[in-house]
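Enquirer: Chain by chain, the residues run as shown.
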Amino acid sequence: MHWVAGGFVFRRVESPFHKLDPRTKLLISLEFFAISLLAFAIIQVAIVLASVLFVAVYAKSLKRIGRTILMSAGFAGFIFAINLLFGVGLVSSLLYALRFLAIVSSTSIFFVTTSPDELEHTMKWLGVPRDIVFAFVTAVRFIPVIMLDAFQIMDAQKSRGLELEKGNFVKRIRNMVPILVPLVVNSVVRSGELAEAMESRAYGATPKPTSLYKLRLSRKDKSVMLVSLLFFAAVLYIYLRVKVPV
Amino acid sequence: MINFSNVDFTHQNGVVALRAINLTIDRGEIVAVVGENGAGKTTLVRHMNGLLKPSRGIVTVDGVDTRRRSTAQLSRKVGIAFQNPDHQLFSDTLENEIIFALKNFGFPEETIRQRLDWALNFFGLEQYTKDSPLILSGGEKKRLTLACILAWDPDVIILDEPTVGQDAIQKERLAEVVKMFKSVGKTVVIVSHDVEFIWPLQPRLVIMSAGRVVGDGPARDLMRDRGLLESARVTQPQLVQIHAELKASNSHPFVDTLEARKYITDMVKR
Amino acid sequence: MGSLVHIEKLSFRYLESKQWTLSEIELEVKEGEIIILAGPSGCGKSTLLRCMNGLIPHMYPGDYQGSVTIDGIQVREEPMGILAQKVGLLFQNPENQIFMFSVERDIAFGPENLALPRQEIRSRVDETMRLLGIEPLAQRAPHELSDGQKQRVALAGVIAMRPKLVILDEPTSLLDPKTASELVSLIQDLNTRLGITFVVVEHRLDLLTKLATRMVVMNEGRKVLDGKPSEVLSNERVGAYGIVVPSATRLYSELAKEGVKLARVPLAPSELTEQLRRIRR
Numbered sequence: 001m002h003w004v005a006g007g008f009v010f011r012r013v014e015s016p017f018h019k020l021d022p023r024t025k026l027l028i029s030l031e032f033f034a035i036s037l038l039a040f041a042i043i044q045v046a047i048v049l050a051s052v053l054f055v056a057v058y059a060k061s062l063k064r065i066g067r068t069i070l071m072s073a074g075f076a077g078f079i080f081a082i083n084l085l086f087g088v089g090l091v092s093s094l095l096y097a098l099r100f101l102a103i104v105s106s107t108s109i110f111f112v113t114t115s116p117d118e119l120e121h122t123m124k125w126l127g128v129p130r131d132i133v134f135a136f137v138t139a140v141r142f143i144p145v146i147m148l149d150a151f152q153i154m155d156a157q158k159s160r161g162l163e164l165e166k167g168n169f170v171k172r173i174r175n176m177v178p179i180l181v182p183l184v185v186n187s188v189v190r191s192g193e194l195a196e197a198m199e200s201r202a203y204g205a206t207p208k209p210t211s212l213y214k215l216r217l218s219r220k221d222k223s224v225m226l227v228s229l230l231f232f233a234a235v236l237y238i239y240l241r242v243k244v245p246v
Numbered sequence: 001m002i003n004f005s006n007v008d009f010t011h012q013n014g015v016v017a018l019r020a021i022n023l024t025i026d027r028g029e030i031v032a033v034v035g036e037n038g039a040g041k042t043t044l045v046r047h048m049n050g051l052l053k054p055s056r057g058i059v060t061v062d063g064v065d066t067r068r069r070s071t072a073q074l075s076r077k078v079g080i081a082f083q084n085p086d087h088q089l090f091s092d093t094l095e096n097e098i099i100f101a102l103k104n105f106g107f108p109e110e111t112i113r114q115r116l117d118w119a120l121n122f123f124g125l126e127q128y129t130k131d132s133p134l135i136l137s138g139g140e141k142k143r144l145t146l147a148c149i150l151a152w153d154p155d156v157i158i159l160d161e162p163t164v165g166q167d168a169i170q171k172e173r174l175a176e177v178v179k180m181f182k183s184v185g186k187t188v189v190i191v192s193h194d195v196e197f198i199w200p201l202q203p204r205l206v207i208m209s210a211g212r213v214v215g216d217g218p219a220r221d222l223m224r225d226r227g228l229l230e231s232a233r234v235t236q237p238q239l240v241q242i243h244a245e246l247k248a249s250n251s252h253p254f255v256d257t258l259e260a261r262k263y264i265t266d267m268v269k270r
Numbered sequence: 001m002g003s004l005v006h007i008e009k010l011s012f013r014y015l016e017s018k019q020w021t022l023s024e025i026e027l028e029v030k031e032g033e034i035i036i037l038a039g040p041s042g043c044g045k046s047t048l049l050r051c052m053n054g055l056i057p058h059m060y061p062g063d064y065q066g067s068v069t070i071d072g073i074q075v076r077e078e079p080m081g082i083l084a085q086k087v088g089l090l091f092q093n094p095e096n097q098i099f100m101f102s103v104e105r106d107i108a109f110g111p112e113n114l115a116l117p118r119q120e121i122r123s124r125v126d127e128t129m130r131l132l133g134i135e136p137l138a139q140r141a142p143h144e145l146s147d148g149q150k151q152r153v154a155l156a157g158v159i160a161m162r163p164k165l166v167i168l169d170e171p172t173s174l175l176d177p178k179t180a181s182e183l184v185s186l187i188q189d190l191n192t193r194l195g196i197t198f199v200v201v202e203h204r205l206d207l208l209t210k211l212a213t214r215m216v217v218m219n220e221g222r223k224v225l226d227g228k229p230s231e232v233l234s235n236e237r238v239g240a241y242g243i244v245v246p247s248a249t250r251l252y253s254e255l256a257k258e259g260v261k262l263a264r265v266p267l268a269p270s271e272l273t274e275q276l277r278r279i280r281r
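Chains as they are written, first to last, in the numbering used here: chain S, 1 to 246; chain F, 1 to 270; chain H, 1 to 281.
Hint data in this document are derived by calculation from the structure and do not stem from the laboratory.
Honestly, I wouldn't trust all of these hints.
To be verified - Straight-line distance between alpha carbons at most 27 Å, and here's what the computed DSS-like set of lysine-lysine pairs gives:
#	chain 1	residue 1	chain 2	residue 2
1	S	K166	F	K53
2	H	K228	F	K247
3	H	K228	H	K257
4	H	K164	F	K247
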């Protein structure tokens, strides 16, 4: 049954980009994010998108990031249509739509290439309180488990004559009750068991717990950061000084 | 009743779970499916009510191809009791829990009432009629899920790991229920590791290993085949071990301790 | 061997509950023992386990009488952080005891909470993985593990705290027989090599009786039987307490009724047949 949940979890990929410190990846992602946000010409957005795709190839994650872009293309189309409808010019509407795609893809760089483990370290480094980090960790950790629960519950209720695909909208919503109630009850029970297990392993015993791993910037990280910052500064400079035809 | 003809099943991720399964289960049979975790037991029984449809080959229930029916339709004839009751109990009262399926299957009001009362009584749950299923103990929840299924009177009842977490008293009760099913002509399929539970029922044994059926026949014969059991990582029931070690000459291994006692007493006094 | 657990007149009642879940439990566990704890569902086993590792009364308040002493310290008086280094509790479902995204990080969870230096955590994690034979799994995510592997990883998380006593709550109920017997061998191994004392709640007795030094049976919140597994299992009252008696042992009692007296109580088929063969000769 574990294939069911497979699509919802981070996948390890061996790539030089994945090996970078999560903070480096976060920086690159944020830079792209800022560049797309500030872009005022289609050509700029196009350059951002191309650079993101370049990084994606480097990170051997073109497929996943490409899928993210495709999935958000629908919403981009919607943005385009709405703008056009409200009298925003064709070119500007296109710009807004593309800008949205650029923002989505630049954030996805970070999330696609960063393991939940690294994400946790990054959150701690950013000074997020431990309880919140841990709540986040368990939430992500248990997504596949809860998905499996949901599938098993659906199987059980279908086996009691529940037709999930039949009926009108109201009926379909009502059909969700036999699925959602056990799912919620199970999750509550599960969180109780989690709390017991955490207590039993000394969670909260000291105010300042240590960690098996510590984030460390390698020389490579530092140079990548430097290059990306230079690139970022150059782009900003062009934004401010050079007038690009729209 | 249920027929598998040359069935393969491959999961979406490419893992092959069933290979070339040919199996016919007749009305009134008691069948125990054994084998180690991952051998394909659960996948097999999930084909019996259409939760899974074969990737190749055909599964029929009462002559009907399962691909032509929804699970909800097939379940009218084939009821599965899953391992974890918490994966299905959702109603505010036991009463509503039991009538859920009966309403889904469109039973008339009067029949629903009769069946409800019968099921609650049969499983000794009548004192909880208006209570929430959540207040029940583990063993009671298990009985409730059985009551839910029996209430709609399916022809085939599938029990997935029924003895997990059950104490001896609850197991005995379960064995009684299975015997009752047998006496009224139901077909029962039990998926279990618990050979000590299965053995006294003297079922037909289907042994699975790596997605294949590697043994199919009366338990009293197959359970003696140590090589086969070991290859499928199935434990031999203790009474069969004792029988074999005594090199007892009578044809069948001891079904229960009474039989063994008689044999041994005779042997010692001789 | 010294005494590790000393329970004296322990009674416990959960908050807002009228009934006492435990009544006047007396129990002494010596260092190095492997004890099976059995009894029907709802007899108070789980509550007793929680009293031994401190979840009661630290997490579940209620009426608490008597005392539980583990390795010389009062469970009631010490915080969970201290108790977790004396007693490890492995719950039934390993899934809910693996919190982190990799096996290695999960084993480190307890030592991290104790704020041990990184070097020390590293060596404990490596040592524990080696002991339990799960080194190849170090970088695996929880959803990439089989049920048996999850069980081992969860146990590793407990062992990394270096407890003297490990309590297992129905550890084999989700495992197939082969995987279950591997786990039982592991228990034996940890017992002989590290001297860890075990208390195991288990319905499936065929595997465990071989290594258990004692068996304790509870019913309705009280301790009703306590002795060697062979003594307890051949006791005539045992059937009433929901305990699945192995067929070989049950047969021993049946034979006794027929006047066939065997010298030793058999726990496994071979022990029975060996004695029978001797009689026949």
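Enquirer: Taking the numbered hints from earlier one at a time, note which ones the structure violates and give those numbers from smallest to largest.
Expert: Per hint list: 2 and 4 violated.
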